[in-house]
Amino acid sequence: MEKVLQVKDLHVSFSTYGGEVKAVRGVSFDLYKGETLAIVGESGCGKSVTSQSIMKLIPEPPGKIRSGEILFKDIDLIQLKEPELRKIRGANISMIFQDPMTALNPTITVGEQIMEGIIQHEKLTRNQAKRVALEMLTLVGIPNPEIRLKQYPHQFSGGMRQRIVIAMALVCRPDVLIADEPTTALDVTIQAQILELFRDIQKKTGVSIILITHDLGVVAQVADRIAVMYAGRIVEIGTRREIFYHPQHPYTKGLLQSVPRLDMEKGELIPIPGTPPDLFSPPVGCAFAARCPHAMEVCERVYPLKTQLSTQHHVDCWLQDERAKNLVPTLV
Amino acid sequence: MSTYLLKRFIAMIITLWLIVTGTFFLMHSVPGSPFNEERTTNAAIQKNLESYYHLDEPLLVQYGNYLKALVKMDFGPSIKKSSQTVNDLLGRGFPVSFELGFYTLILAILSGITLGVIAALRHNGIIDYLAMSIAVLGISIPNFVMATFLIEQLAVNFPIFPVATWSSPSHMVLPILALATGPMAIIARLTRTSMLEVLTQDYIRTAKAKGLSPVKIVFKHALRNALLPVVTVLGSLAASILTGTFVIEKIFAIPGMGKYFVDSINTRDYPVIMGTTVFYSGILILMLFLVDLAYGVLDPRIKLHKKEAK
Chain A
0 MEKVLQVKDL
10 HVSFSTYGGE
20 VKAVRGVSFD
30 LYKGETLAIV
40 GESGCGKSVT
50 SQSIMKLIPE
60 PPGKIRSGEI
70 LFKDIDLIQL
80 KEPELRKIRG
90 ANISMIFQDP
100 MTALNPTITV
110 GEQIMEGIIQ
120 HEKLTRNQAK
130 RVALEMLTLV
140 GIPNPEIRLK
150 QYPHQFSGGM
160 RQRIVIAMAL
170 VCRPDVLIAD
180 EPTTALDVTI
190 QAQILELFRD
200 IQKKTGVSII
210 LITHDLGVVA
220 QVADRIAVMY
230 AGRIVEIGTR
240 REIFYHPQHP
250 YTKGLLQSVP
260 RLDMEKGELI
270 PIPGTPPDLF
280 SPPVGCAFAA
290 RCPHAMEVCE
300 RVYPLKTQLS
310 TQHHVDCWLQ
320 DERAKNLVPT
330 LV
Chain B
0 MSTYLLKRFI
10 AMIITLWLIV
20 TGTFFLMHSV
30 PGSPFNEERT
40 TNAAIQKNLE
50 SYYHLDEPLL
60 VQYGNYLKAL
70 VKMDFGPSIK
80 KSSQTVNDLL
90 GRGFPVSFEL
100 GFYTLILAIL
110 SGITLGVIAA
120 LRHNGIIDYL
130 AMSIAVLGIS
140 IPNFVMATFL
150 IEQLAVNFPI
160 FPVATWSSPS
170 HMVLPILALA
180 TGPMAIIARL
190 TRTSMLEVLT
200 QDYIRTAKAK
210 GLSPVKIVFK
220 HALRNALLPV
230 VTVLGSLAAS
240 ILTGTFVIEK
250 IFAIPGMGKY
260 FVDSINTRDY
270 PVIMGTTVFY
280 SGILILMLFL
290 VDLAYGVLDP
300 RIKLHKKEAK
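Quick mapping for you: the protein sequence lines, in order, are chains A and B. Counting from 1, position 37 in the first sequence corresponds to residue 36 in numbering that gives the first Met the number 0; the numbering is continuous, with no gaps. Counting from 1, position 278 in the second sequence corresponds to residue 277 in numbering that gives the first Met the number 0; the numbering is continuous, with no gaps.
No lab work stands behind these hints, which were simulated from the structure alone. Keep in mind that this is a model prediction, so the values were computed, not measured. Yeah, the Cβ is synthetic: ideal placement off N, Cα and C, and Gly gets one too. Hints are supplied without guarantee of correctness; some may be wrong.
[To be verified] The following residues of chain A were derived to be distant from chain B, with all beta-carbon distances above 12 Å:
1) 81
2) 85
3) 86
4) 91
5) 100
6) 115
7) 297
8) 302
9) 305
[As the list claims (entries may be wrong)] Residues from chain A shown here face chain B by an in silico Cβ test under 7 Å; the list is partial:
10) 94
11) 101
12) 104
13) 143
14) 155
15) 272
[Said to hold, decoys possible] Straight-line distance between alpha carbons at most 27 Å, and here's what the computed DSSO-like set of lysine-lysine pairs gives:
16) B:258 x A:149
17) B:79 x A:86
18) A:129 x A:86
19) B:215 x A:80
20) A:122 x B:215
21) B:215 x A:86
22) A:305 x A:252
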């Protein structure tokens, strides 16, 4: 399969008064054409920072991409200057943000906000741009697009606004769409519609989607592959099937166990004890060791090597080491 | 829209009436009268004068008469400036004050907004600190100090502009500069604060993610949203600047209407006190109305009239 985007050993940190927060500490992944890669993890694990770094949208300062490569069509986005980046933003890689209520400018018509992206990137007249905008609105399922185009964001409901945001992001037919918690601010029925829309659009346009979320229910519905992030690193990555049915990292297992299910008895939910580590001075070894029920001495001292379990499935955990199987009796 | 305008107009009339009533009775409750001076006037003459200006009638009757005249836009005669009506005074003074105020406002708004936007874009940089230092100076230096400073530097030490009076464009430069620094500083600070807040909004990030240039982001997406608070202060600011300022007009010997505000109170020139107050209030109410209209233009979420339900 063709790789559209490669992230290699990305390090991002933020300088604050309290010191440097190492938000992303060596993230690597590939994004294939036409797939949906979900990045999951709890708040503060660095998933949003990772996605915003891809478009270089993290505010600098205080943020800084310390090292790494983000390859898009063999161009390293990290090395690009602002004017070149602007040509890629919105045109080749575009982004959908969490809250559709605030992501649209309240004083500009929806049509204008969709059209300005096309006009910026493609040599189109206003009339041609308007035609494309109308097509987009129809694609994302907005009725009466002619009338809607002239309206302002406050005249739309939350779900409709998210559709507008999606139309805005797709208007230049990008290769990569980064959706940062696109359904978190919506209620469940609208959420289902929007996810359906994502699948539909992907089928029609072949866009690759990076879906940032902490909602495993959403992931189960749309993701082809899943990357689990913890404390600024991807600790496990694999296909949806592999992650849901054969999770190998204790953190992934913990996440899955803490999701409520309909067929569960009351009180069966198992939370992960403890809190994520302090990213001012992240632990030397595995960041999850302090909360891990199977932690060994080595876990706290040395970061585990990446173990390849199948062509797609990788995990960073010492429990995969041959020697661990004899040493740890607690391992089930 | 027309129902809104009608409602608004009625509200404006009521407001004006309340101001007229309040001012009228407050003014008469202050001790002293137009004829109460150090040199004693003959009792008979005093009585004649009072009856000539109807000051001997009961207060309520005077109030009724005043309202009646006011409806006909007649502000009455000035007591202290013999043989002149208040309408004459305002008619002569206001155009001058308005001209001075109008240019001042334009200068203050343009430079204030520019300064504020630049400061916000260079947030916490040298330019920001410089712009905000100028703004603090502008707010804290009273305009009469500014005026005398400008006269000394630009009219006396370097005789570029005339010292005073109001006759040619070059005469206007110094008073406009002196009068504009304060409002400019206020507008600059407000614009900066408001702009900084808008620049952190999600829709600005969305605009960046679309690949728009910084110029487009600032002028198309940020500025319009940032201007709302600025427009709010502009209403009262404009009213006070357009109706003249006592100090600046005095310093530059400008024949505006600013001096009547102060003079009339000192001399208890009742019709002039009433006239200037009513006139100022009228302008203020009009400006606030314009501000409300401007809101509707700037922000589509603010609707001035109930259109068809969506």
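For this structure, which hints from the list above don't hold up? The structure breaks hints 1, 2, 3, 4, 5, 6, 13, 14, 15, 16 and 17; every other hint is satisfied.
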